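Chain residues, written in single-letter form:
Number of protein chains: 2
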Amino acid sequence: MRGAQALIRTLAASGVGVCFSNPGTSEMHFVASLDAVPQLRGVLCLFEGVATGAADGYGRMAGRPAATLLHLGPGLANGLANLHNARRAGTPLVNVVGDHATYHKRFDAPLESDIDSLARTVSRWVRRSARSADVAADAAEGVAAARGAPGGVATLILPADVSWSEGAQPAAPVPPRPPSLVPDPVIEDAAEVLRGGTDVLQGGPACVILLGGAALRRPGLDAASRIAAATGARLLGETFPARLERGAGLPGLERLAYLAEFAQAQLAGTQRLILAGARAPVSFFAYPDLPSSLGPDGCQVHTLAGADEDVCAALEALADRVAPGTRPQPQPAQRPALPGGGLTAETAAEVIGALLPEGAIVSDEANTSGLWLPAATAGAPRHDWLTLTGGAIGQGLPVATGAAVACPDRPVLALGSDGSAMYTIPALWTHAREQLDVTTVIFSNRRYAILDLELQRVGAVAGGDAARSLLDLSRPDLDFTALARGMGVPAARAASAGEFAGELARALAEPGPHLIEAVLSQPG
Amino acid sequence: MRGAQALIRTLAASGVGVCFSNPGTSEMHFVASLDAVPQLRGVLCLFEGVATGAADGYGRMAGRPAATLLHLGPGLANGLANLHNARRAGTPLVNVVGDHATYHKRFDAPLESDIDSLARTVSRWVRRSARSADVAADAAEGVAAARGAPGGVATLILPADVSWSEGAQPAAPVPPRPPSLVPDPVIEDAAEVLRGGTDVLQGGPACVILLGGAALRRPGLDAASRIAAATGARLLGETFPARLERGAGLPGLERLAYLAEFAQAQLAGTQRLILAGARAPVSFFAYPDLPSSLGPDGCQVHTLAGADEDVCAALEALADRVAPGTRPQPQPAQRPALPGGGLTAETAAEVIGALLPEGAIVSDEANTSGLWLPAATAGAPRHDWLTLTGGAIGQGLPVATGAAVACPDRPVLALGSDGSAMYTIPALWTHAREQLDVTTVIFSNRRYAILDLELQRVGAVAGGDAARSLLDLSRPDLDFTALARGMGVPAARAASAGEFAGELARALAEPGPHLIEAVLSQPG
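Chains A and B supply the protein sequences, listed in that same order.
Using the numbering used here, you'd call the opening residue of the first sequence number 779 and step up by one each time.
Using the numbering used here, you'd call the opening residue of the second sequence number 779 and step up by one each time.
Bear in mind the hints are in silico, worked out from the structure with no lab data behind them.
This structure is a prediction, so every number in the text was calculated from the model and none was measured.
Beta carbons: idealized from backbone N, C-alpha and C, even for Gly.
One or more hints might be untrue.
Unchecked claim - What follows is a set of in silico ranges between Cβ atoms, one per label pair, in the way DEER data are often shown:
id, chain 1, residue 1, chain 2, residue 2, range
1, A, G841, B, D1187, 29 to 37 Å
2, A, A908, B, P1102, 24 to 32 Å
3, A, E944, B, R884, 49 to 57 Å
4, A, P1186, B, R884, 41 to 49 Å
5, B, P1074, A, P1186, 33 to 41 Å
6, A, P1268, B, P1074, 56 to 64 Å
7, A, D1187, B, P816, 55 to 63 Å
8, B, L959, A, D892, 50 to 58 Å
9, A, A908, B, R884, 55 to 63 Å
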């Protein structure tokens, strides 16, 4: 059979069920072959950043990779920012990047570019298939590379003639590398730290366990909660988790703050820091006169489990040592009352906390408007929280797209901001095309509000019009209800807490996509 | 002074007057410094692909570089596709890419990525400024590299601390490398070819001069026209020129076709091909059973001038040898009549040909809908035609943005298609913000129509729904009038030739941005 068909059959056999696609000429045989393999569903995206972000959201929720289909170097380039986020999230994901026919490359046709170099900046595995007889085995290895703990981006470059030539056969799936087990002495060391052994400083509350990666799912949270309850250690979650399970009945978890000053305050007095699936905390950006590393001077850092290790098993083994018989401490069910009055970042968060449905998936790119969300939703029914892992904005709507495709029976809430939503706004069209149950809320403050803040934080003084105009999203105001309707998504605007509650309740009650533009009266 | 301010003063002194900007935290000192240097105008773009495409359009029309301001690796990544187009266009352009502070990079904060590798894929010059004392000289060299013949992309990576630290001084401009003069023997060789000398085959019409790059401006066209008139050689233009001057009073020029089969037909019988600023013709994509190189077997290829040589001077010298006393053959003024009836790609082209104003700049990304445009506009008043040089779609609206900033007194017509316009649709907001005199026409056929065609051309058989759905832009239909209004651009829809003529005349008569969605009844 043709290379394209063997490739698609191998992807499907390896557990890849969806391909978020933005194809071009060099991918036409791949597209044509989809008809023969219904196990791989093609989902059209109108921009590659939507496709890669959707594959990220899918992988976070499904726990197995989606594929993307991208058109040569520029197509991959358009998807790179969300692949950067996926790389930081540790999401399993397989890119298929079409290229010119092998014999055509030396002619340097207009679309010729250095795909391999682009791919290596975000991928843990890059392969250029050389022959149609190889492409299926290449794909099986790529899926295994993507699925290997903790998950990552694999990129298969597919020359057009490798795709269209005969002589290929599907390949058997390749088993991915499982997470390594944490050695017993490392667990015992952590237990000693928690017991305040003789080789470390005293003081229970001065010990912090920083949870990240897979530790933010229920088994890890339960074990960590037992440890904290028994030892007095404090739990913190990494700032931008790929997927955090939370809500009533699960142990609650405070996350490390984004702003370095706040994170420093959270960590003040910490003498012993245990890393469980998280990296040592560093400032998101550097600032004049602030350190890059956020732990207090003299704080001892102990790594219980790295990203490629089985952090949940390690936390459970540790809990069995230091907290035998202790139960996890669940977050009680508790919602804010529906607020009245003006719509602010705070009242918007209360509305969301009051209405968040059971089993919701929240894709959070609310940025400055999201400050009150964690507290307001902590006691809502169980849900998953997906965040902007790599700082490349334009992730929220695409990640919601993929999460909704992965979990068609769960409501998805995409929380965006006017600034960041514009980067990948064509995601809304895919919400409509696939009739995904995504409610998109755009917090509209007519500013790159985070940059107002950052301008002050870096010590820059910007009194003038030239600088201010580059942070200003008014003149003209963006009308997100018009943008949504232009892509087939029903939309409404809310300018008070009551209006927002009414629109959100209506959107959540109806299946299919909706958008609410939440115009904030006190910009967050 | 701070590095940022010395950098900006140096850019301005080197002739860079505009910075298309999408800044983030690491660029805040650059932004703040704009207030002190009014010679460098910041233009906000809501997506980096708009900023880089606008800088391309600006550079093509102004003949000197604009700057872009981009936020770390993901910001550069979002701008890469249009930088690829700019690279193919030979456009002078200077990227300023902010990065983490030098001492912060080793902490691998979330936004850390391999900026240098990304930059090298599109840039002829990449420099990472190491100290604030160096940044001004680096910038001066970068501008010179961008301006050196034939123009190209220079990328300056600016660490945040280099930007914010004191100790910098502006640097003097560095003279760019001028185009090389073509040696006399090369011109004499070309003259011999045109005279049908004894060492080449006979036959005047079998000689083709392929014009590209700077040869597509008036001096080159006039000289080439004299040569053709005197020798019987045939003139063709490269398929996707960066900037083609055309219209009544200028020599007309047929362009080499995009589709390889058509280009082969145009070149059939050619025995001698003279390249004047153009590259040897190759197929845009490879296809089973079609050659990559488009010249007929046995065709002799002679290079008169390459991209870095002074092609206009070479053509003039050649004309003085083979066509002394011969005058250029101007295209007569001639417009189609305004058509009635349905709106098709053909009648839409006639409307544009009938109404195109004197001095217009056309940014052409009409793709399949643009087939009839060259003939319909050939005798319109003088105008410039800018095309999709690198095949990375999403260029048309941003290039129009930059062209309008470069030439505020000229009307700009952006011809887009529904598929390609979505990649960089936030360009419309900048049209509104800056009140640019851009009329955007979106040809809406509800398809990636070019892929319908390509699916057949590669020999792929796609009868099934799965494949067809990935080429289909309906379900839901995109409403470009709603999208435009959502970004502050007045918009109308036209579904007949008469409606289109009325809306286009109205839009061209009013200053400021407009959008017309041209719904084609016979998809082009």
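* Just tell me: holds or violated, for the beta carbon distance of A/A908 and B/R884 against 55 to 63 Å? => violated (37 Å)
* Asked: Okay, A/E944 versus B/R884 on CB: inside 49 to 57 Å?
  -> holds (50 Å)
* How does the Cβ-Cβ distance of B/L959 and A/D892 compare with 50 to 58 Å: does it lie in that range? -> Check failed, 32 Å falls outside 50 to 58 Å.
* Asked: Quick one: are A/A908 and B/P1102 within 24 to 32 Å, going by C-beta?
  -> Violated: the Cβ-Cβ distance is about 56 Å, outside 24 to 32 Å.
* Range hint 33 to 41 Å: satisfied by the CB atoms of B/P1074 and A/P1186? -> With Cβ atoms ~56 Å apart, the hint is violated.
* B/R884 and A/P1186 - C-beta distance against the hinted 41 to 49 Å -> Roughly 43 Å apart at Cβ, these two residues keep to the hinted range, so it holds.
* **Verdict for A/D1187, B/P816 (Cβ pair) under range 55 to 63 Å** => holds (57 Å)
* **Range agreement (Cβ of B/D1187 with Cβ of A/G841, hint 29 to 37 Å)** => Taking Cβ atoms as reference, A/G841 and B/D1187 lie about 58 Å apart, which means the hint is violated.
* Does the hinted range 56 to 64 Å hold for A/P1268 and B/P1074 at CB? -> holds (57 Å)
Of the numbered hints listed earlier, those contradicted by the structure are 1, 2, 5, 8, 9.
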